[in-house]
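Since the structure of chain Z is already known, use the hints to place chains D and P on it.
If you read the protein sequences in the order shown, they are chains Z, D and P. Letter by letter, the first sequence follows residues 1 to 449 of the UniProt record's numbering. Letter by letter, the second sequence follows residues 1 to 222 of the UniProt record's numbering. Letter by letter, the third sequence follows residues 1 to 335 of the UniProt record's numbering.
Just so you know, not all the hints are guaranteed correct.
[Unchecked claim] So, partial list: chain P residues that the calculated Cβ filter (under 8 Å) puts toward chain Z: (1) N100; (2) D101; (3) G102; (4) W118; (5) R119; (6) R186; (7) E309; (8) P310; (9) A311; (10) I313; (11) T314; (12) D317; (13) T318; (14) L319; (15) K323.
[What the hints assert, rightly or not] Okay, the calculated beta carbon distance ranges per label pair: (16) L27/Z - N109/P: 34 to 40 Å; (17) G133/Z - E108/P: 47 to 53 Å; (18) A38/D - V264/Z: 35 to 41 Å; (19) D312/Z - R21/D: 35 to 41 Å; (20) P365/Z - A68/D: 41 to 47 Å; (21) E108/P - R160/Z: 17 to 23 Å; (22) E107/D - F206/Z: 45 to 51 Å.
Honestly, the hints are just simulated from the structure, not real lab data. We treat Cβ as the ideally placed atom computed from N, Cα and C, and that holds for glycine.
The lines below spell out each chain.
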Amino acid sequence: MNSVVVSGSLRNRLVLTLIGGAAVLALILFVVVRNYAVLVAQQGQDRILIASATSMLDSATIRDGAVELDLPYSAFSMLSTAADDRVFYAILQDGTLLSGYEELTFSDAQAFQFDRIRGSDVRKISASRILIGANLRTEIQIVLAQTQDALSETLDQISRNAALLGVGFFALAVGLSFWATSATIGQLGKLTTSVTRRGPQDLSPFTKPVPREMAPLVKSLNSLMGRLDQSLRQSEDFIAEAAHRVRTPLATVRSYAEATLQRVDKEENREAMRSMVKAIDESSRAAGQLLDHAMITFRADHLERDEIDIVDLARDLVQRMTPIAEMRDLSLLLLGDPRVQYSCDPVLIQNAVRNLIDNAMKYGPAESAIEITVTGEPVPRITVCDHGPGFPIHEIETLTARFQRGANAANTIGSGLGLTIARDVAIAHGGRIDLTNQPEGGACVTLSL
Amino acid sequence: MKFLLVEDNHDLANAIASRMRLDGHVIDHAGNLEDAAAFVATGEYDLILLDIMLPDGDGRTFLEQHRASDLDTPVIILTARSQVSDRIGSLDLGADDYVTKPFDHAELEARCRAVLRRKSGNAKTTIQVGGILFDPVAGHLTVAGETVTLRNRELRLLELFLNAPGKIFSKNKLADRLFSYDEDVSENAIEVYIGRLRKHLSPSNLRITTLRGLGYRLDHDE
Amino acid sequence: MRYLVALGLIFLCHAGWAQEWEDRQVFNDTGATTSLRIISSTDTDLFAPLIEAFVARHPDVAIEYLVTGTADIDRRFRAAPEAFDIAISSAMDLQLKLTNDGYALALENVSHPAWAEWRQSLFAFTSEPAAIVINRAAFEGLPIPRSRQELIEALRARPDVFRGRVGTYDVRQSGLGYLFATQDARASETFWRLMEVMGGLDVRLYCCSGEMIDDLTEGKIAVAYNVLGSYADARVESQSILEIVLPSDFPTTMMRTAFVSGASGEPEAAERFIQFLIAFQSNRADGTQTLPPLQERDNGADRASIALEPALITFLDTLKRNKFISEWENALIQN
Numbered sequence: 001m002n003s004v005v006v007s008g009s010l011r012n013r014l015v016l017t018l019i020g021g022a023a024v025l026a027l028i029l030f031v032v033v034r035n036y037a038v039l040v041a042q043q044g045q046d047r048i049l050i051a052s053a054t055s056m057l058d059s060a061t062i063r064d065g066a067v068e069l070d071l072p073y074s075a076f077s078m079l080s081t082a083a084d085d086r087v088f089y090a091i092l093q094d095g096t097l098l099s100g101y102e103e104l105t106f107s108d109a110q111a112f113q114f115d116r117i118r119g120s121d122v123r124k125i126s127a128s129r130i131l132i133g134a135n136l137r138t139e140i141q142i143v144l145a146q147t148q149d150a151l152s153e154t155l156d157q158i159s160r161n162a163a164l165l166g167v168g169f170f171a172l173a174v175g176l177s178f179w180a181t182s183a184t185i186g187q188l189g190k191l192t193t194s195v196t197r198r199g200p201q202d203l204s205p206f207t208k209p210v211p212r213e214m215a216p217l218v219k220s221l222n223s224l225m226g227r228l229d230q231s232l233r234q235s236e237d238f239i240a241e242a243a244h245r246v247r248t249p250l251a252t253v254r255s256y257a258e259a260t261l262q263r264v265d266k267e268e269n270r271e272a273m274r275s276m277v278k279a280i281d282e283s284s285r286a287a288g289q290l291l292d293h294a295m296i297t298f299r300a301d302h303l304e305r306d307e308i309d310i311v312d313l314a315r316d317l318v319q320r321m322t323p324i325a326e327m328r329d330l331s332l333l334l335l336g337d338p339r340v341q342y343s344c345d346p347v348l349i350q351n352a353v354r355n356l357i358d359n360a361m362k363y364g365p366a367e368s369a370i371e372i373t374v375t376g377e378p379v380p381r382i383t384v385c386d387h388g389p390g391f392p393i394h395e396i397e398t399l400t401a402r403f404q405r406g407a408n409a410a411n412t413i414g415s416g417l418g419l420t421i422a423r424d425v426a427i428a429h430g431g432r433i434d435l436t437n438q439p440e441g442g443a444c445v446t447l448s449l
Numbered sequence: 001m002k003f004l005l006v007e008d009n010h011d012l013a014n015a016i017a018s019r020m021r022l023d024g025h026v027i028d029h030a031g032n033l034e035d036a037a038a039f040v041a042t043g044e045y046d047l048i049l050l051d052i053m054l055p056d057g058d059g060r061t062f063l064e065q066h067r068a069s070d071l072d073t074p075v076i077i078l079t080a081r082s083q084v085s086d087r088i089g090s091l092d093l094g095a096d097d098y099v100t101k102p103f104d105h106a107e108l109e110a111r112c113r114a115v116l117r118r119k120s121g122n123a124k125t126t127i128q129v130g131g132i133l134f135d136p137v138a139g140h141l142t143v144a145g146e147t148v149t150l151r152n153r154e155l156r157l158l159e160l161f162l163n164a165p166g167k168i169f170s171k172n173k174l175a176d177r178l179f180s181y182d183e184d185v186s187e188n189a190i191e192v193y194i195g196r197l198r199k200h201l202s203p204s205n206l207r208i209t210t211l212r213g214l215g216y217r218l219d220h221d222e
Numbered sequence: 001m002r003y004l005v006a007l008g009l010i011f012l013c014h015a016g017w018a019q020e021w022e023d024r025q026v027f028n029d030t031g032a033t034t035s036l037r038i039i040s041s042t043d044t045d046l047f048a049p050l051i052e053a054f055v056a057r058h059p060d061v062a063i064e065y066l067v068t069g070t071a072d073i074d075r076r077f078r079a080a081p082e083a084f085d086i087a088i089s090s091a092m093d094l095q096l097k098l099t100n101d102g103y104a105l106a107l108e109n110v111s112h113p114a115w116a117e118w119r120q121s122l123f124a125f126t127s128e129p130a131a132i133v134i135n136r137a138a139f140e141g142l143p144i145p146r147s148r149q150e151l152i153e154a155l156r157a158r159p160d161v162f163r164g165r166v167g168t169y170d171v172r173q174s175g176l177g178y179l180f181a182t183q184d185a186r187a188s189e190t191f192w193r194l195m196e197v198m199g200g201l202d203v204r205l206y207c208c209s210g211e212m213i214d215d216l217t218e219g220k221i222a223v224a225y226n227v228l229g230s231y232a233d234a235r236v237e238s239q240s241i242l243e244i245v246l247p248s249d250f251p252t253t254m255m256r257t258a259f260v261s262g263a264s265g266e267p268e269a270a271e272r273f274i275q276f277l278i279a280f281q282s283n284r285a286d287g288t289q290t291l292p293p294l295q296e297r298d299n300g301a302d303r304a305s306i307a308l309e310p311a312l313i314t315f316l317d318t319l320k321r322n323k324f325i326s327e328w329e330n331a332l333i334q335n
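This is chain Z alone, in the form it adopts within the complex (with noise of 0.2 Å):
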């Protein structure tokens, strides 16, 4: 049949949808718990640098009308890291300063603030304490800060466990996706598998259970198939029934031409009759062979195979066809080996080896013998011989073609499709038709499947 127009992949468009998800989630994973653990580094630094500076303050004493401020040594020493991290201090007084890094400075917008010294990016802090003496007044600002070596060190290392989950996250999400894809995707699978199975004249609906998401598809599969049950009931019936009336007047006429011949004398009516009984027997064997070609076509596509004896299918169809061959004093001959088991589709041969004797019946001289003859070495074959004027020589290729009619065939009657007929046969089942002209005369036709 028609190959589908295939637009897109369920699969691919599952997978990728969960996929993409699951590497948001990751990435909104990964960027959460990252700024969160960058706020929390943060504070502890700043935690710290507040500690050193508070204690620094609590150093400053006045003495003598002077500021003092031994610094202590945990001050800075509390401000360690493993990164070594770079210290800068100022200490001032009223905004003068009194020691430490005079490019130290602060503004007293925030709390904290980032600023860069000698080269490096550092968090800086800064405190103050009012001192107050005997006849002083005077305030003390610390400012310290710190690089952030060890923070981003930390972070470094957060980061990359973050990444990890986040990548763990995802290559879990990624086998989970693939997983759950394959199992839904498995559904619709099941379905097509069991489609694909069913006979060519199976239409009854699915009863398996099915999830219930494909239950409307299989629904409307179902009532397709029931449509078209139905649709195929009544176009059987239709063609039947068109060819009830159509065959029934036609064989009145017939009957009736038959019998006036039998009374008329003058010649030139029953030449009339005679006339007329050639053209109805024309059109209904030309119809004939338009269904049986119609439904060979049809089956074709789904041969119904079964495993039969040919021989027997030529012995019953020999049989049934003897009474018309006596008419024309002709015998039909079955020769051949005894039993040849083959899996075709009967129907097709049965139809195709009756064309082919119809043919030779056609051909083959009175009083003569048909021979058909089947074999089964190496391939089973059945070969029909009559012993008529055989085929024209030059004709031989293209008397297969549809329609085409051998040109010593003018007043013999049929649609010419008898031997396309057995040529699509032998196709369908992966064979061919041979026709050749036998020696001592005589068209022999042969069917190899």
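Frame of chain Z, contents of chains D and P only:
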């Protein structure tokens, strides 16, 4: 022979019946399955000709019932269908043969003869006249103690003459009865068959007379 | 007032020998394509074997070795960081502050334990305890003091013997002396009592270990406090005369450190030198070292060793330094 024809188309039925009566058979005609059942119940038939599509049902149903009630009257189906599957189905249901409409009466006749030949077995229907013994079903002709099997056309020719002794048959009429309409028949061919039949009949009291310009006639010598 | 005097003294001291070097020596000055200038507080004879081994391995490098005091190194280096490729000093605090202030170059290809380096820039390569060095003659028949407390008692017991015959660093001149003093003061109050006792005995103050050991050997002084034991050990002729005591109450151990100047014109050669220096000092099986090796610390809790940490800059704070020196002067100079 006594035939039952089950056919709902009266025109066709009349045509078939008149044609078969011409051959010397007795025909009862039923227009539907109900009538057919009534005929079968009351009379004995040598053969039933059964149409499939009937107003009150499918001919195959009748066939099934017929076979189920253990009647072995041979049945030939008259069908308007040509599908192979349909033919096989009919045979499987117990029909002895089938004929596709429209049909050649000669074919119908031949099929009837073939079916009867298969079915009748020992029950012989013979004609005894002018010193011959003729079995039209088997095609045997016995003259002066010698039995020969006639060829189909010889047989039909003899039947024709026996059914209408003394009647003159023109060559054309004989050709129409012996040959299909699609066959090219020469006048010579008829003479060949007449010659053969004369030879078979020569020891008997039956004689085929040639009437120049008119045709042939079967005469019975006393 | 006193603060101003101290400041002046420092500047005077510097001005006195700032223009010239205690020692200057060039190694491998023929055929070298690269030249390293090393400013160091370590005496040339202690460092020479290492440099010679280096130039033997790297004949393309010439080394100019300049020796000066630790405080002078800090001053000169800050004034012209581009003039020197490597700074080596025993004053850990000054070295750390130089590094903190961004004068040192981070070396990616040097592998060193975390406690012995700072910012991958400053590398320690010796472990040298501060010692009490005693001229045995002064303690003939008497027990040698083994701790600061015993030393205090010994000095108090015979003030007439020791008057004018005790010595220690002048912390105002010597960076190392200041480091030892501040670390001692941080560790124990005993330091201040010792200083008071020594101040009462007319302590002699030195700028450098060398002179102090000279005077000890010659008998001019009987006891020197916070001398580098390694210097005393190095003097073969003085070994029979001197007794080196590592105080048993708490030893103060200094680590000599080196860094490459951030403004160095030869960072690659300088890094090679640092790598060599570290490898040379950690190879103990080799008997060629004249400097004590870096001693591994079993754990970080060893309080005796001065840690390389930002806290070292505490005592370099101007206010803090002024306060400490004034206290030190108060204790030691009792005129």
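Each hint, compared with the structure:
Contact between N100/P and chain Z, as hinted, is supported at the beta carbon level, the nearest pair being about 5 Å apart and thus within 8 Å. For the restraint placing D101/P at the interface with chain Z, the shortest Cβ-Cβ distance is roughly 6 Å, inside the 8 Å limit, so the hint holds. At its closest, the beta carbon of G102/P sits 4 Å from a beta carbon of chain Z; the interface hint therefore holds under the 8 Å criterion. The interface hint given for W118/P is met, as the beta carbon of that residue sits about 5 Å from the closest beta carbon of chain Z, less than 8 Å.
Interface restraint check for R119/P: the shortest CB-CB distance to chain Z comes to about 4 Å, inside 8 Å, so the restraint holds. Proximity of R186/P to chain Z holds as hinted, the smallest CB-CB distance being about 6 Å (cut-off 8 Å). Here the hint on E309/P is kept, as its CB sits about 4 Å from the closest CB of chain Z, short of 8 Å. A hinted interface residue such as P310/P counts as satisfied when its beta carbon comes closer than 8 Å to some beta carbon of chain Z; here the least separation is about 4 Å, so the hint holds.
A least Cβ separation of about 4 Å between A311/P and chain Z falls short of the 8 Å threshold, and the interface hint therefore holds. A cut of 8 Å between beta carbons decides the hint on I313/P: the least distance to chain Z is about 6 Å, and the hint holds. Hint status for T314/P: holds, given a least beta-carbon distance of 5 Å to chain Z, under 8 Å. For D317/P, the suggested interface contact is upheld, since its CB lies about 5 Å from the closest CB of chain Z, less than 8 Å.
About 4 Å separates the beta-carbon of T318/P from the nearest beta-carbon of chain Z, less than 8 Å, and the hint is met. Interface restraint check for L319/P: the shortest CB-CB distance to chain Z comes to about 5 Å, inside 8 Å, so the restraint holds. Hint on K323/P holds. Least Cβ distance to chain Z is approximately 6 Å, under the 8 Å limit. Distance hint for L27/Z and N109/P: a CB-CB separation of about 36 Å, consistent with the stated range 34 to 40 Å.
A hinted range of 47 to 53 Å for the beta carbons of G133/Z and E108/P is consistent with their spacing of about 52 Å. A hinted range of 35 to 41 Å holds for the C-beta pair A38/D and V264/Z, which are about 37 Å apart. Distance hint check for D312/Z and R21/D: the Cβ-Cβ separation is about 39 Å, which falls inside the suggested range of 35 to 41 Å. For P365/Z and A68/D, the Cβ-Cβ distance of about 46 Å falls inside the hinted range of 41 to 47 Å, so the restraint holds.
Taking 17 to 23 Å as the suggested C-beta distance range, the pair E108/P and R160/Z conforms, at roughly 20 Å. With their beta carbons about 47 Å apart, E107/D and F206/Z fall inside the hinted range of 45 to 51 Å.
The structure fails none of the hints (numbered hints given earlier).
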